[in-house]
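For reference, the chains in residue letters:
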Amino acid sequence: MPSPWQVECLLIRMDSLRNEILRVKNKDRPYTETDIVYDSLVAVIKSRHDMVTKAQKLYAAKGTLIPQSVFNHRAKDLETIFKFFSYTDRVDSPRIPFEVLRSLSWVANDLFGEKCYAVVRLEPEYNYAILSCRREFERNGWGQYWQYAPEEDTRASGSSDRKAAPNVLLLGFPSPDAGSTLVHALAAHEFGHEFAHKWNDDLTEVREQVVSEVKSFYNTVLQDYTSGIFRRQEGESQDDVSEKARKYLLALIESISSSWLKEIFSDLAAARLVGPAFLAAFDRIIIGHGKGSEKYPPASLRRSLVRRYLEKLLPQVISDPTWAQLFDNSALVDLPSDELFRVMQQVFDGVIDKLIPILNRIPSPLTRLKANELSDLLETMEEHIDNLAPPSVPLSVGDKLPDTEKFWLLVFVAWHYRLSDRFDELRRLCGDDTDSARAEEILGNLLLHSLQSLELRARWHEAMNQKRSNVH
Amino acid sequence: MSINRYTLLERMSAKTAWAQRLVVEPLFLESATQDSVSNSLDFHLGNRFTILRSRRSSQHDPLSEDPKQDVVVRELFIPMGKDFTLNPGQIVLGTTLEWFRFPYDLMAYVIGRSIWGRRGLLIVTASAVHPGSSGTITLEMSNLGEVGLHLRPGAAIGQLFFSQVDMGPNPKQRRSTFSGALRPIIGKYSQSDIEKLLLNLK
Numbered sequence: 027m028p029s030p031w032q033v034e035c036l037l038i039r040m041d042s043l044r045n046e047i048l049r050v051k052n053k054d055r056p057y058t059e060t061d062i063v064y065d066s067l068v069a070v071i072k073s074r075h076d077m078v079t080k081a082q083k084l085y086a087a088k089g090t091l092i093p094q095s096v097f098n099h100r101a102k103d104l105e106t107i108f109k110f111f112s113y114t115d116r117v118d119s120p121r122i123p124f125e126v127l128r129s130l131s132w133v134a135n136d137l138f139g140e141k142c143y144a145v146v147r148l149e150p151e152y153n154y155a156i157l158s159c160r161r162e163f164e165r166n167g168w169g170q171y172w173q174y175a176p177e178e179d180t181r182a183s184g185s186s187d188r189k190a191a192p193n194v195l196l197l198g199f200p201s202p203d204a205g206s207t208l209v210h211a212l213a214a215h216e217f218g219h220e221f222a223h224k225w226n227d228d229l230t231e232v233r234e235q236v237v238s239e240v241k242s243f244y245n246t247v248l249q250d251y252t253s254g255i256f257r258r259q260e261g262e263s264q265d266d267v268s269e270k271a272r273k274y275l276l277a278l279i280e281s282i283s284s285s286w287l288k289e290i291f292s293d294l295a296a297a298r299l300v301g302p303a304f305l306a307a308f309d310r311i312i313i314g315h316g317k318g319s320e321k322y323p324p325a326s327l328r329r330s331l332v333r334r335y336l337e338k339l340l341p342q343v344i345s346d347p348t349w350a351q352l353f354d355n356s357a358l359v360d361l362p363s364d365e366l367f368r369v370m371q372q373v374f375d376g377v378i379d380k381l382i383p384i385l386n387r388i389p390s391p392l393t394r395l396k397a398n399e400l401s402d403l404l405e406t407m408e409e410h411i412d413n414l415a416p417p418s419v420p421l422s423v424g425d426k427l428p429d430t431e432k433f434w435l436l437v438f439v440a441w442h443y444r445l446s447d448r449f450d451e452l453r454r455l456c457g458d459d460t461d462s463a464r465a466e467e468i469l470g471n472l473l474l475h476s477l478q479s480l481e482l483r484a485r486w487h488e489a490m491n492q493k494r495s496n497v498h
Numbered sequence: 018m019s020i021n022r023y024t025l026l027e028r029m030s031a032k033t034a035w036a037q038r039l040v041v042e043p044l045f046l047e048s049a050t051q052d053s054v055s056n057s058l059d060f061h062l063g064n065r066f067t068i069l070r071s072r073r074s075s076q077h078d079p080l081s082e083d084p085k086q087d088v089v090v091r092e093l094f095i096p097m098g099k100d101f102t103l104n105p106g107q108i109v110l111g112t113t114l115e116w117f118r119f120p121y122d123l124m125a126y127v128i129g130r131s132i133w134g135r136r137g138l139l140i141v142t143a144s145a146v147h148p149g150s151s152g153t154i155t156l157e158m159s160n161l162g163e164v165g166l167h168l169r170p171g172a173a174i175g176q177l178f179f180s181q182v183d184m185g186p187n188p189k190q191r192r193s194t195f196s197g198a199l200r201p202i203i204g205k206y207s208q209s210d211i212e213k214l215l216l217n218l219k
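Which chain is which? The protein sequence lines are A and B, in order. So the number in this note's numbering is just where the residue sits in the first sequence, counting from 1, plus 26. So the number in this note's numbering is just where the residue sits in the second sequence, counting from 1, plus 17.
Hints in this document: simulated from the structure, not taken from any laboratory. Please read all numbers here as calculations on a predicted model, not as lab measurements. Backbone N, C-alpha and C define an ideal beta-carbon position, used for all residues, glycine too. It cannot be assumed that every hint is accurate.
Claimed, not checked - No more than 30 Å apart at the CA atoms, straight line, and that leaves these computed lysine-lysine pairs for DSS-like:
| hint | chain 1 | residue 1 | chain 2 | residue 2 |
| --- | --- | --- | --- | --- |
| 1 | A | K51 | B | K32 |
| 2 | A | K141 | A | K493 |
| 3 | B | K99 | A | K493 |
| 4 | A | K396 | B | K32 |
| 5 | A | K317 | A | K380 |
| 6 | B | K99 | A | K53 |
| 7 | B | K99 | A | K141 |
| 8 | A | K102 | A | K53 |
| 9 | A | K224 | A | K338 |
| 10 | A | K338 | A | K380 |
| 11 | A | K338 | A | K321 |
| 12 | A | K321 | A | K270 |
| 13 | A | K72 | A | K109 |
| 14 | B | K32 | A | K426 |
| 15 | A | K109 | A | K224 |
Claimed, not checked - Selected chain B positions facing chain A (in silico; Cβ < 7 Å):
| hint | residue |
| --- | --- |
| 16 | W35 |
| 17 | E42 |
| 18 | P43 |
| 19 | F45 |
| 20 | F94 |
| 21 | P96 |
| 22 | R118 |
| 23 | S151 |
| 24 | G197 |
| 25 | L199 |
As the list claims (entries may be wrong) - Some chain B residues flagged as far from chain A (calculated, every beta-carbon gap over 12 Å):
| hint | residue |
| --- | --- |
| 26 | S55 |
| 27 | V90 |
| 28 | L114 |
| 29 | L161 |
| 30 | L218 |
Build the full structure now, drawing on both the sequences and the hints.
Quick look at the structure:
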């Protein structure tokens, strides 16, 4: 049982973390969407603090100390809260292209059919990631605390009842590339993870099929896979060891299949939204760790699947020679040395057809336009970039292509331009034929400005329509 | 010759050749006819600001080769719906919300709106925008009044008056440090050959 002193230490730690969260919340920050996270974390701390003090009184009345299990649970909560808080504590750097956040939130609202705020934090690791804060709260059993703070609510409605707050999508961005707008094409992949969560039941069915296929290799290839891991202990029969190894391997197959399927589904979702531009941004991030792991499929498998999916989805786009350089290495040649990964790769290679019915629910701006319409629009938008004008200018709002989907179209065009010969011309215009950085910065600025302008124009269009309908 | 808004709208048409085309993005006009009577084009305040910070040395020297002698800045992003206070005597760099792409035969003068000027806000010191330039326009904003001024991104803070210029025999897209810029950049002083000579005369 924890001593009274240890319980006091736990309560003091809760207080200090609460104060730290409030200090960060009250700092001068560029945007306040993370207030929802801070307020909700403070509410969790308060509830845990109350639980401990109540338990302290209850057990003191019985003349005993708090049970170890209660203490451990609350200590674990504190650790999780601290970790969660650290995710949202690096969101204020002028290098972050904040302009994209409103547009990303606008797009996310439309895609997921719920109010979302997109927030960017700088990742210490070279990775692009997403954390759905409300979902994470639910996973930790804190769902009821994901709410507006009472004072926020009182200000809004004059009521003291707490209301559920919008979701906060925390996008982790690699710190060295914080200023790069082009890399935000990977937001399409991260949004794919949100879809994977939304359609988890359908994906589970696919995963079960995959797992059963992988298991079919057990007797032929995988039986010896675990032989080096499990050694016979004293009193164990060979059958015991084999059973232990079999169970371990099957659990590993389940876990890898689940992680790989989510990644592959998200890759293909990104391909639906931004086409081959996803692979271009993927190449920026994946350098050096593309061999695959229990969490991530090998890069060669991912590239190969994206290519095959695009061949089905956008044959006219993929035949464009500008994208060809992305597919030079997309054949499945880089087979991993690990036997299990090799089998998994073989099975996952055939997963596309199983995923297509689920993927078809995601809108694809690139398929909404006819091939010639897309090609004409691409030419016009690239002509704008050639002339240092934002490529959003020729996109009118309120037409047959939903405005939020034009966000992805702009990302697609920017990457097409980056990989085309026209980019060399932009480099020359910037005064340096060899250094891509300055030209890419300008291209990124044009894209960022376009994404922001698109959203503002769409809102203006809506406001004008509203005004007109009020007049009539 | 100052250009009226009707002609400016024609210049923005997709049918106009790039050599003469003006681009303003985003462009918020309620209707082309209503807005075509004026001789200027309003612009709005953007989200990025650069504040000049005080430092250990009591003055800064932009001509010095040593970057430590130059001004120290801090960049701020103020989202839509939030505000920023410009204190009396403070200078801050801001940008336009709009991206302007100027053709080779148009230039513009940046002029503050009187509604702000009468409250002490000066929005620009280098007021000419050259032909062929492209990007958001950097504003050098200063509060000449005696009390703080709240500035909000999206506020119609100034206007551009356009003039036609002689293109010359070989017009080119303007190349400058600020081409394609989105953020308010303080810029590095670049000495011309004549300046180098004059500044080093003993």
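Evaluated hints:
The straight-line distance between the Cα atoms of K51 of chain A and K32 of chain B is roughly 51 Å, outside the 30 Å bound, and the hint therefore fails. The hinted pair formed by K141 of chain A and K493 of chain A meets the criterion: a straight-line CA distance of about 24 Å does not exceed 30 Å. For the given pair, K99 of chain B sits about 25 Å from K493 of chain A by alpha-carbon distance, which is consistent with the 30 Å threshold. For the hint linking K396 of chain A to K32 of chain B, the alpha-carbon distance of about 23 Å falls within 30 Å, and the restraint holds.
Taking the CA atoms of K317 of chain A and K380 of chain A, the gap is about 24 Å. The hint holds against a cut of 30 Å. Taking the CA atoms of K99 of chain B and K53 of chain A, the gap is near 15 Å; set against the 30 Å cutoff, the hint holds. Distance hint between K99 of chain B and K141 of chain A is fulfilled; the C-alpha atoms sit about 20 Å from each other, no more than 30 Å. Taking the CA atoms of K102 of chain A and K53 of chain A, the gap is near 28 Å; set against the 30 Å cutoff, the hint holds.
Distance restraint check for K224 of chain A and K338 of chain A: the Cα-Cα separation of roughly 24 Å lies within the 30 Å cut-off, and the hinted pair is therefore satisfied. Of the pairs offered as hints, the one joining K338 of chain A and K380 of chain A holds, with about 14 Å between alpha carbons and a cut-off of 30 Å not exceeded. Annotation: proposed proximity of K338 of chain A to K321 of chain A holds, straight-line Cα distance about 27 Å (limit 30 Å). Taking the CA atoms of K321 of chain A and K270 of chain A, the gap is near 23 Å; set against the 30 Å cutoff, the hint holds.
For the suggested pair K72 of chain A and K109 of chain A, the alpha carbons sit about 17 Å apart, so the restraint of at most 30 Å is met. Straight-line distance between C-alpha atoms of K32 of chain B and K426 of chain A comes to about 22 Å, which keeps the hinted pair within the 30 Å bound. With a C-alpha separation of about 25 Å, the suggested pairing of K109 of chain A with K224 of chain A holds against the 30 Å cut-off. The beta carbon of W35 of chain B is positioned within 7 Å of a beta carbon in chain A (closest approach about 5 Å), and the interface hint is therefore held.
Because the beta carbon of E42 of chain B sits about 4 Å from the nearest beta carbon in chain A, less than 7 Å, this interface hint is met. A cut of 7 Å between beta carbons decides the hint on P43 of chain B: the least distance to chain A is about 4 Å, and the hint holds. At its closest, the beta carbon of F45 of chain B sits 5 Å from a beta carbon of chain A; the interface hint therefore holds under the 7 Å criterion. At about 4 Å, the closest approach between the beta carbon of F94 of chain B and any beta carbon in chain A falls short of 7 Å, and the interface hint on this residue holds.
A cut of 7 Å between beta carbons decides the hint on P96 of chain B: the least distance to chain A is about 5 Å, and the hint holds. Given the 7 Å rule on beta carbons, the hint for R118 of chain B holds: about 4 Å separates it from the nearest Cβ of chain A. A cut of 7 Å between beta carbons decides the hint on S151 of chain B: the least distance to chain A is about 4 Å, and the hint holds. The interface hint given for G197 of chain B is met, as the beta carbon of that residue sits about 3 Å from the closest beta carbon of chain A, less than 7 Å.
Because the smallest distance between the Cβ of L199 of chain B and any Cβ of chain A comes to about 4 Å, under 7 Å, the interface hint for this residue holds. Every Cβ of chain A is farther than 12 Å from the Cβ of S55 of chain B; the closest lies at roughly 19 Å, confirming the non-interface assignment. Its closest Cβ contact with chain A, about 10 Å, brings V90 of chain B to no more than 12 Å, contrary to its assignment away from the interface. With a least CB separation of 8 Å from chain A, L114 of chain B falls inside the 12 Å interface cut-off, contrary to its annotation.
At roughly 25 Å, the least C-beta separation between L161 of chain B and chain A is larger than 12 Å, which holds for a residue marked as non-interface. Look at L218 of chain B: its CB is around 30 Å from the nearest CB on chain A, clear of 12 Å, so calling it non-interface holds up.
When held up to the earlier numbered hints, the structure conflicts with 1, 27, 28 and fits the remainder.
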